Amino acid sequence: MDLFYFPHLAPDRATTHIALFRNVKNAAELRKRIIAAATTEGEAGDAAREEVNFAFIDARLITSRLHLQTAVYQSLLAEAQNGLRTRTVHSEVLWNLNPTNNITEAIRRYGVSDATTSLLVVRIDGGNIPVEEMQSRIQKVVEGELTPLSKLREITDWTTIKKYHKLASELSVKAAQGDLEKETAVIDNIVTIDQDQSLLRDAFQSIVDLNWKAISLSKLCVSTSNNLGTIVQ
Amino acid sequence: MAGIILPTSFIMPGRLKKPTPLKNPERPYIALGLEGSANKLGAGVIKHSEDGTATVLSNVRHTYITPPGEGFQPRDTALHHREWALKVINDSLAKANCEVSRCSCRLIGPGMGAPLQSVALVARTLSLLYNKPLVGVNHCVGHIEMGREITGASNPVVLYVSGGNTQVIAYSRQCYRIFGETLDIAVGNCLDRFARVINLSNDPSPGYNIELEAKRGKRLVSLPYATKGMDISLSGILTSVEAYTIDKRFRSDGQPRDENDTDIITPADLCFSLQETVFAMLVEITERAMAHIGSKEVLIVGGVGCNERLQEMMGIMAQERNGQVFATDERFCIDNGIMIAQAGLLAFRMGQTTPLAKTSCTQRFRTDQVHVAWRA
Amino acid sequence: MIRQKVYKTSLASLHPSLVASGNTENKDDSPILIKYRFSKGYRHKTLDTTLTKARVAGEARALIRCLRAGVNVPGVRMVDAAEGVLGIEWIDGKSVRRLLPGGAEEEDEGVDETLDDIEDVDHLQEFDISVGEYYQMMGLIGTEIAKMHLVDIIHGDLTTSNMMMRRTASGKPDLVLIDFGLSYQSSLVEDKAVDLYVLERAFASTHPDSEPMFQSVLDAYQTQTGKEWNAIKKRLDDGECTSSVQR
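Chains as they are written, first to last, in the UniProt record's numbering: chain A, 1 to 233; chain B, 1 to 376; chain C, 1 to 247.
One chain only, chain A, in its complex shape:
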């Protein structure tokens, strides 16, 4: 189990739990369960949804801790500004990972599929749930070998990532050919934020309708610039 902490965000959004699993056994069953939870109505549906209230991400497609962090952060920003393009902040993470604007494609590529064996489970919340409790909740739905996030690099599938991000013919990747370490560093730096749509999102969104309950980083820059960081220029 691992934690992300975003100090600039509202307390109820600042903590993210992450669990990395290898050798996942129940991917097909898990996928059915997620679909069923989404369609069940009433109290039973709420309970079923809470049980799978996570982002399930194909770990092969994540290049680094930072890669996942930026996707989570962009999703939190979208949520704070009432700008979610998908139904929940968790599905928004999948959408933010995908380099195109297509929601179905994002879920198909980055979500859990029947063939998934390496899985990242992400839960955004206020950090009130202790890590142990969160871990047992996650392990109730995922059967696999819990692995430290630092092992992510052993799982990453660079070939598929290059394909999804259309990187194979890019000069940056070509120049690094033959030097695996350099090539992966270059790819990691590009995919961290590699989406035209997340940059364009706000152009489609109505501007005025901002939700200030969750504070966005920029507001914080103004109000507490001294605490936030050093003004360098």
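The hints are simulated quantities; they were obtained by calculation from the structure and are not laboratory data. Do not rely on the hints blindly, as some may be mistaken.
Going by beta-carbon spacing under 7 Å, a handful of chain B positions derived as facing chain C [to be verified]: (1) Tyr225; (2) Val283; (3) Met313; (4) Glu320.
In silico lysine-lysine, BS3-like type, Cα no more than 25 Å apart, as pairs [stated by the list, open to error]: (5) C:Lys94 x C:Lys8; (6) C:Lys35 x B:Lys296; (7) C:Lys5 x B:Lys228.
The structure presented is a predicted model; accordingly, all values stated were derived computationally and were not measured. Using N, Cα and C, we set each Cβ at its ideal position, and we do this for glycine too.
Chain A is fixed; fit chains B and C onto it per the hints.
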């Protein structure tokens, strides 16, 4: 006749860092300035006293006004200037209560050839007739010097906006350097041409009528915003705003067809949008120049500088930077003779005169080619 | 850039519950640089919002395009176009301006910004290249600009302040182009020539006797650019671009 007598005396600011090379005159100097670079014919008389102060003795102007939808043609404007030259000069001298000027200063500078030449002819004749020295003045430098004189701004970034020019200028080492400018048409030209498209009157000026119209505008239509570093481009905006006049939502009378006709664009909306967009660009490049040279003062000169919305926007920008904006009213913003007199007299006091043989006009005399000897 | 504040911070940090336990395996403290574009009070609100958004997104897009083309630029870390915030990779290095003779003198730009890093003149030796190898650095500059121009990105504000030298993991010096706030996309020879002309002016005004150095920038640029060079050089020699740039 738009002549106004200004008996008030304006005092030069004394807070220059380096000592100014300009010495107080040993005797009072009086200069007559003649201006005729576009459709305004101006004559003004200024006096520089021994204590270094300057006094505007008269400032007379006559504008060649064309019917709505028409611009002024060089040939007709030149005719107008020839017709009115004597009347305007006599008027100016009478109001200044002086007979023959000490030094007659005449404009050379960017502008239309034909009208300029008619005024230059008058200036040469006066110079020969009364044996008075003649000083050629760059139109833009005239604007800047008059603006500094009137407002007391010591070292401002200058936004020069008129029918023929759009430049951001700052002083550096005895030269007014152009930091940014329009890459195509001038802002006044852009506004005037749009005024013609929607048939606004040319009286008193198309730009003024755009300003009035814009006050009633409510809807901001999307127009291109074209800044490139410290330069701007305006022709694309003019094309776009013109395109809205053939949009099916455009109502040329500004009225909805019935009560359900709410999604409409009125001429006022277009004037409003045009001003908001173009002025925002101008303020932005001015701000960039201020940051670049570290100045906190901004001076707006030129005909478009009369626009109160532009002045207001510039004021907000200056305030946000803890700076100050200086602007003049229509007497000095719009082309006038007095500014030529002021800049010419400054040059004359530094020993600059223009020999008669070289008193031809040039339309391509750039601001940064002038040697500003009178500043430190 | 003006009316834009820059902060150093990090996207995430160690979770408070882990601070006490002393678990510092994942510190999450890699610094990022936040560029915040203020809203401008003089501008109509709708116009201002649209413009800020477009500019933040435009800067991010230019950076991504450069990254993909292998130009050394900071990676993008967060984009909040609605609020005018862009977070990019923190480049730990020294500005080329400070590494060149004359560059450590008073900055002529950003006079009204707080500059609290008053450092001594930095020495090129820190980067394992001797003073005699200034030319190597010039070569890196020319190469990076050429790579950027090859994908039709125009920087718009090329000065020696907007380039940094940093050391890569392998210890090799690396030149990074920064501040894409005025950048735009264009394939016009004219725009590329103007970009180079602006840099030439910046060299001349900041670093005395820098003509031979600038020539080696152009040499490297030529090598990298290939067949497009002749057209750009022609424009540069014509001085055509001087009319549109009057800095």
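Hints, verified against the model:
Given the 7 Å rule on beta carbons, the hint for Tyr225 (chain B) holds: about 6 Å separates it from the nearest Cβ of chain C. Hint status for Val283 (chain B) relative to chain C: holds, with the closest Cβ pair at about 5 Å, below 7 Å. Restraint check, Met313 (chain B) versus chain C: the minimum CB separation of about 4 Å is within 7 Å; hint holds. Interface restraint check: Glu320 (chain B) against chain C, minimum CB-CB distance 6 Å, threshold 7 Å, status holds.
For the hint linking Lys94 (chain C) to Lys8 (chain C), the alpha-carbon distance of about 16 Å falls within 25 Å, and the restraint holds. A C-alpha spacing of about 23 Å is found between Lys35 (chain C) and Lys296 (chain B), which places the hinted pair at or below 25 Å, so the restraint holds. Pair hint Lys5 (chain C) plus Lys228 (chain B) holds up; C-alpha atoms about 21 Å apart against a cutoff of 25 Å.
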